Structure formats: structure tokens, C-alpha cells
Amino acid sequence: MIKNYSTVDEVHEAYEKKLETPSSMTQKYFDQISKSHHNAYITLCQERAIKQAKFYDEILIKNQYKVPREQYPLFAIPMAQKDNLHVEGVKTTCASKILENYIPPFTSTVVERLENAGVITLGKLNMDEFAMGSSNENSAFGVVHHPTHEGYVPGGSSGGSGASVAARLCVASTGSDTGGSIRLPASFCGVVGFKPTYGRVSRYGLVAFASSLDQVGPLAQTVEDAAHITEVISGSDPKDSTSSSKPCQKWTLEVQKEKKQKKIESLKVGVPKEYFVEGLHPEVKERLEQCIDYFKSQGAEVISVNLPHTPYAIATYYMIALCEAASNLSRFDGIKFGVRSQEAERAKTPVEYYKKVRSLFGEEVKRRIVLGTFALSSGYREDYYIKAAQVRRLIRNDFEEAFKNVEVILSPVSPTTAFKQGEKCKNPLQMYLTDIFTIPASLAGLPALSVPIGNDSQGLPIGMQVLAARFNESAVFKAGVWAEKFSKSFGVHS
Amino acid sequence: MPIVDDALIRKISDLARLELSEEEISAYLKSTNEVLGYVEQLNLLSTHNIKPMLHGTDEQLRYRADEVQSAPEGPEGYSKILQSAPEVIQGGIKVPPVL
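Chains A and B, in that order, are what the protein sequence lines are. Heads up: the first sequence is residues 2 to 495, going by our numbering. Heads up: the second sequence is residues 39 to 137, going by our numbering.
Worth flagging that the hints you see were computed from the coordinates, not collected in a lab. Since the model is a prediction, treat every value here as computed from it, not as a measurement. No false leads were slipped in.
Selected chain A positions facing chain B (in silico; Cβ < 7 Å): (1) S213; (2) Y313; (3) M320; (4) R341; (5) E346; (6) K367; (7) F375; (8) R394.
Glycine included, every Cβ here is placed at the ideal spot set by N, Cα and C.
The following block holds chain A by itself, in its conformation from the complex (with noise of 0.2 Å):
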């Protein structure tokens, strides 16, 4: 049964009780993914895999079935990677016609790092196209269904990260987070959802969205998983210039341990008043509520915390992120890569040519690229994209202030729990609402962890989002850890 297999652990301690070599483990996946109806993968990595897991066999035997763990610490897990990541010889669409085509000729920073700690890649995840959207229904490759309850949206951007750690098509997956997208899909799933803050982890082979918010991080079960993924793939990286060099934490370690304590020691706690607005759900707000309280009832201090700007924060990320996404697919012109339509040879004029190959674009990417494209034009970049990167300032100021008083803030990741597929695609406006929890986060750059806390009447999950400040990683596996400890109180999470 593959839900015993659904941790590194767990995985581990098959490969050393001879219940399962890695090639074995691996054939298990594909064959619980070739039965699901998520539509979670673009692409299987089938022969890649098998051929990745048959050289793992080889080294368990040699090293007597104990698995080599300070040389590979993620030693023959079976992961998947977002569609907007980059793997050698294998087809990067970011969910796009426009990329349908596309084999990247190398392999991201985040994935080679994975791969050399062991990982073998399954496939690679369906998600919104070029990462934008909050529900997964914006693939060129098809809406991906909720885990458990049908009808329902896993979340966007990453929504086949989500909906695949949930429904044990892979050990963990990797996502990227612009304004939610790890986060949103992890809560909505059930699932633990990690964005590093930004410059923790190198975006080199990462198709870009929105360069100063885009950070990529793991989808797991566990906190415990999610600290061990996201140590393998921190720390500076040449190939981009922004990943940061400050040093890094023995995260694994730290969570290992802080698992054991009986009482939370020394933990002071911010409640944001501005995250618990109309609008946020009964259900949610209540289990967000006993959460903090079983925090409090464990040692943590709780105080309240005021983040006064955070009302303008979703009008501040659309600006800021859209004209970076018009600025960035601009590069998308169907001339060295991409796909080339027999309309666009027929085209008579250089932009005719262009617009015909642009046209490939899905309808939310192309609503993006008009509006980022307007608040960046001659006469309107001072009173929007400025105007937006300046209350993007007061926002983290924010955060910088709370943060002198608290090492975590505790919110809700979203007001509601997974929504109807068809229920907010007519109204963007809408749409773009569901990510006012997350966005703060993205803009100052933080650190951000989703982790569940229980499900609501109807079964569907609730995440709770833990921040810390910047590179204050361990603050935020801490108290995902006491997150954990409160759920299994409930006897929710796997």
C-alpha cells in the first residue's frame, strides 16, 4: 500500500527492510499515477526514472541495504516537478501551448541539486499556465481535480504539486511561489507547503513570472520532509545573482528535534487583527483560533500584532506582479524556441508574425500582459508600477516592525477552504482576492509556511500559514511542527 511509502522515512525504512528497492518503489508510483483522474502530471519521466532508480538499486546492494544517507540525503525518493522547472531532455510547457514543444537544453539549479541528493523525478506537474492563477483552471493541459472531493479546485498555481503529494502520486513536489502559489494549493490539498524566503533558493531554470516575488519550495506531507527538501535545495547559486549567500540551517535537524519537545519553549507568537477580516470563513477562523490557543496552552507566548497596510496588499501585488509578467513574456516571440503556427509562416510582417505566435497565449496570461503592459506604458509606470513598489515598502515595513516584538505570525492561508471549479473564472477581480493572505508574504519576501490544521464540516482542508522574517527559516519549521503536534491532537493529518 503506497501510503505507507508517502515520507522520506518511510521510503527509507522500505528500501532497508528489503520491502522495497528503489526500482520497485518507483514502478508503485507509476502505476498509482496511471490510475489517477487528478490530471496532476503533464509529463511522465518514465525512462529517465526507471533508469535513475535501477542506479540506486545497484548502490543499495552494494552498501548492504543501508541507505547511504550523508551522501544522499533524499536517497531514491520518487518526486515530481512543477511544469515551470527545468530538466534536461525533458519538456518544460509551463502549462502552455505556447511552450508545448519546449525541451530545455539544461536543468535548473533547484532540480540538480534534488537529483544529486537522490531524487528520482517521476514527471513533471500540471499547473496554471506560466503560474497564473489561484485554482489550477488556466492549464493549456486541462483543469487539475482536487485530491478528494470532485468538482472541487486543488489550488493554483501549483495545483498538480498539491493535488499530487495528496493523493500519493509522489513523495513530495516541488512548486513556485509568486503570490500564494505553493501555499494556496498545499492548504486547499491538505498537504505541507513551504516558500523559502527570496534569495534562499536559486530561480536559475525557472521559467520566470514575476523575478522579485518568484521563489521556488517543496509540497510534502510532513514539515519534517518540506525542512529536508528545502536544506537540499538552499543556498547561493552563481547562476543567479539574486539566491543569497547567507548561510543556511541544519533544518532537518532542527525539526527532528523540536518533534521530541514536550512544551514549546521560548516561542513568541504574532496574531495579526487585519488577517482575521469579513469574509474570512466561520470554520476557518475557528480552527485557526484553537490552534493558536493549543500554542498558547504549550508554553508559546501569543500577542497581537499590527500589520496596518495589509488592506492594500492585493492591489499593490496585481501592479507589481503584472509588469514584471509583461516585462518577462516578452521573451516568448516563437523565434529560437516555442511553437511556430503554419498561420504565423504566413505572417507578412514582422509583428503580424509576432502577434500570431502570442495568440498561443491562454486567455488569464494575455489579461496579465494588457494590464502590466498599460501600467508600465509612458504616462502611467509613475502612478501605478511606482506607486505600488512604494506601498510595497510600507508593507514589508510592516513586517519589520511586528517582527521586533515576535519570531512567527500565525494567520489563515486562505478566507475559505477549496472552492467549486467554474465558481470564480468569470470574475478575475475575484479570483485575485483569494490570495490576500499569502500576498503580504511574497512582497516583503518572507519566509511562509502552509500547514494543515484540520478539515472543515464538509471534509475539505484548512491550512494555517506560519511567517517568520527573512531567513528566520527555523522560526517558521518550529512552530509548523507545533502546527502538526495540533493536528494529530485532532487525528487529521496522515
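Chain B: place on chain A using the hints.
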């Protein structure tokens, strides 16, 4: 009062090299004005003397030496890069006649 009108949407689409159908023009006109209307709230805030935050990091960007590092070399390297081009002719990228 809408911020963007039909003519401006057409001009912007042209600048962004997007060919939009009449249906798309009217849909994007509506959503653009809706979003820009929502964004108007930022004007309630005084941002006088606030330095715009244009980057995700405060750290000084590191420069690396301008050296070729991992570009695929040799015939195999070229073919790797060329495999992502829409059309290839004699080891080069073929572009449409208009260009």
C-alpha cells in the same frame, strides 16, 4: 469613469504584440478597468519620500566573471540548443521569410 477605453486597449494590445478578438477586447476592457479601479485605493496612502521597493532583495547583487561555464559545446551541444528551435536548417535556426 473608466480609466482605459476601447482605443487604448487596442493600442496596448498592439504594443504587447497580442492579437485579440473583439470578444477578448471587450472582456479585457472590462477586467482592466475593474482591476485598475480596485488599484485606485493605493492613492489613499501617502508615499511621499518612500523609496520604491523594486527588487526582492536588499543584498548587493553578486557579479561573476564573464566566462563561459556550462554552455554545451561541440556538435552535441549545438544540437541540444537547436532541438528547442521551431525550425532548423543546416545547423542554424530558420526564421520565417518576413524577418
